[in-house]
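J.: Required output: the full structure, derived from the provided sequences and hints.
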Amino acid sequence: MLPKPKNKKFINQTEIEKVAKKVNKSFEEEVKYLREKRIKNGDILFTDSHNFA
Amino acid sequence: METFYSPTLTTSLSNKHLLLDTNVFRDFAAKPSVFTKFFNELKEADVTIATIDLVKYEILKGSASETKYQEKSKLIADIIDSTITPIPRTFEIIYELIQEYGIDGASLNVTDLFLGAILKQYKRNIFLMTRDTTDFIQSVFDLTGVVNVPLNKGIFTYGVYQYTK
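Top to bottom, those sequences are chains G and Z. Mapping the first sequence onto the UniProt record's numbering, position 37 (from 1) lands on 37, and the numbers just tick up by one. Mapping the second sequence onto the UniProt record's numbering, position 6 (from 1) lands on 6, and the numbers just tick up by one.
It is worth saying that the hints were derived from the structure and are not from the lab. Please note that a few of the clues may not be correct.
Here are some chain G residues the structure puts well away from chain Z; computed CB gaps all over 12 Å [said to hold, decoys possible]:
no., residue
1, A20
2, S26
3, V31
4, K40
5, D43
Taking lysine-lysine pairs in the DSSO-like style, the calculated list, with each CA pair at most 27 Å apart, reads [what the hints assert, rightly or not]:
no., chain 1, residue 1, chain 2, residue 2
6, G, K37, G, K22
7, Z, K165, G, K8
8, G, K25, Z, K56
9, G, K4, Z, K165
10, G, K25, G, K6
11, G, K18, Z, K165
12, G, K25, Z, K165
13, Z, K43, G, K18
14, G, K40, Z, K31
15, G, K21, Z, K68
16, Z, K74, G, K4
17, Z, K123, Z, K31
18, Z, K153, Z, K123
19, G, K22, G, K8
20, Z, K153, G, K18
21, G, K6, Z, K74
22, Z, K37, Z, K68
23, G, K25, Z, K31
24, Z, K56, G, K6
25, Z, K74, Z, K43
26, Z, K165, G, K37
27, Z, K56, Z, K43
28, Z, K123, Z, K16
29, G, K25, Z, K61
Positions of the beta carbon are idealized from the N, C-alpha and C atoms, including for glycine.
T.: Okay, here's the thing in structure tokens:
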């Protein structure tokens, strides 16, 4: 059986925007870190776009 | 800015679970107001927002400090209502799914396999929302709906998938 929450829980707009801003910054730092690491290792850089070929 | 989706989508998802893929959490962090409105509309319709541990691992890994780890953890906890845990049958379903995919499964990662297996396990009771619309192929899954999120430049499109075979 799938677990059902006991109470309906809504996302608090003000609260989540503060956290999301910090998390988004962390993600950007991680992407930058990975990009720099790949360049340092001489790996080929790929874009995030899908290849529909 | 708002999300665009078919009015029938909420009805389809009502009283069901909606699994979120990693990319949805990442995009949420970039556009919190848009996604908050959308998910609260779904919650109002008794949709249970859920994910799996593997998705959480993908979000949490790479955290540069304990504080950053806790911030990510809080973001996930604030969005979801439930975490779906695999059971022994889930692991068997993954083998079946690999066979169903055939050569198209070559690009799948382990998280995709678990998400797909959970869909196959709970069938009509659960859906998946993902921006990875190339790996969740329609020869295996049903595309129930599409959600569009306009950006300053371009549009993010998410597929809402189900397994009904």
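J.: The structure should be examined with respect to each hint, and the outcome stated for every one.
T.: Verification of the hints:
{"no.": "1", "hint": "A20", "result": "violated (4 Å)"}
{"no.": "2", "hint": "S26", "result": "violated (5 Å)"}
{"no.": "3", "hint": "V31", "result": "violated (9 Å)"}
{"no.": "4", "hint": "K40", "result": "holds (17 Å)"}
{"no.": "5", "hint": "D43", "result": "holds (17 Å)"}
{"no.": "6", "hint": "G/K37 / G/K22", "result": "holds (23 Å)"}
{"no.": "7", "hint": "Z/K165 / G/K8", "result": "violated (31 Å)"}
{"no.": "8", "hint": "G/K25 / Z/K56", "result": "holds (18 Å)"}
{"no.": "9", "hint": "G/K4 / Z/K165", "result": "holds (24 Å)"}
{"no.": "10", "hint": "G/K25 / G/K6", "result": "violated (33 Å)"}
{"no.": "11", "hint": "G/K18 / Z/K165", "result": "violated (42 Å)"}
{"no.": "12", "hint": "G/K25 / Z/K165", "result": "violated (41 Å)"}
{"no.": "13", "hint": "Z/K43 / G/K18", "result": "holds (21 Å)"}
{"no.": "14", "hint": "G/K40 / Z/K31", "result": "violated (31 Å)"}
{"no.": "15", "hint": "G/K21 / Z/K68", "result": "holds (11 Å)"}
{"no.": "16", "hint": "Z/K74 / G/K4", "result": "holds (20 Å)"}
{"no.": "17", "hint": "Z/K123 / Z/K31", "result": "violated (30 Å)"}
{"no.": "18", "hint": "Z/K153 / Z/K123", "result": "violated (36 Å)"}
{"no.": "19", "hint": "G/K22 / G/K8", "result": "holds (26 Å)"}
{"no.": "20", "hint": "Z/K153 / G/K18", "result": "holds (23 Å)"}
{"no.": "21", "hint": "G/K6 / Z/K74", "result": "holds (20 Å)"}
{"no.": "22", "hint": "Z/K37 / Z/K68", "result": "holds (25 Å)"}
{"no.": "23", "hint": "G/K25 / Z/K31", "result": "holds (12 Å)"}
{"no.": "24", "hint": "Z/K56 / G/K6", "result": "holds (22 Å)"}
{"no.": "25", "hint": "Z/K74 / Z/K43", "result": "holds (18 Å)"}
{"no.": "26", "hint": "Z/K165 / G/K37", "result": "violated (44 Å)"}
{"no.": "27", "hint": "Z/K56 / Z/K43", "result": "holds (20 Å)"}
{"no.": "28", "hint": "Z/K123 / Z/K16", "result": "holds (10 Å)"}
{"no.": "29", "hint": "G/K25 / Z/K61", "result": "holds (15 Å)"}
Checked against the numbered hints given earlier, the structure breaks hints 1, 2, 3, 7, 10, 11, 12, 14, 17, 18 and 26 and satisfies all the rest.
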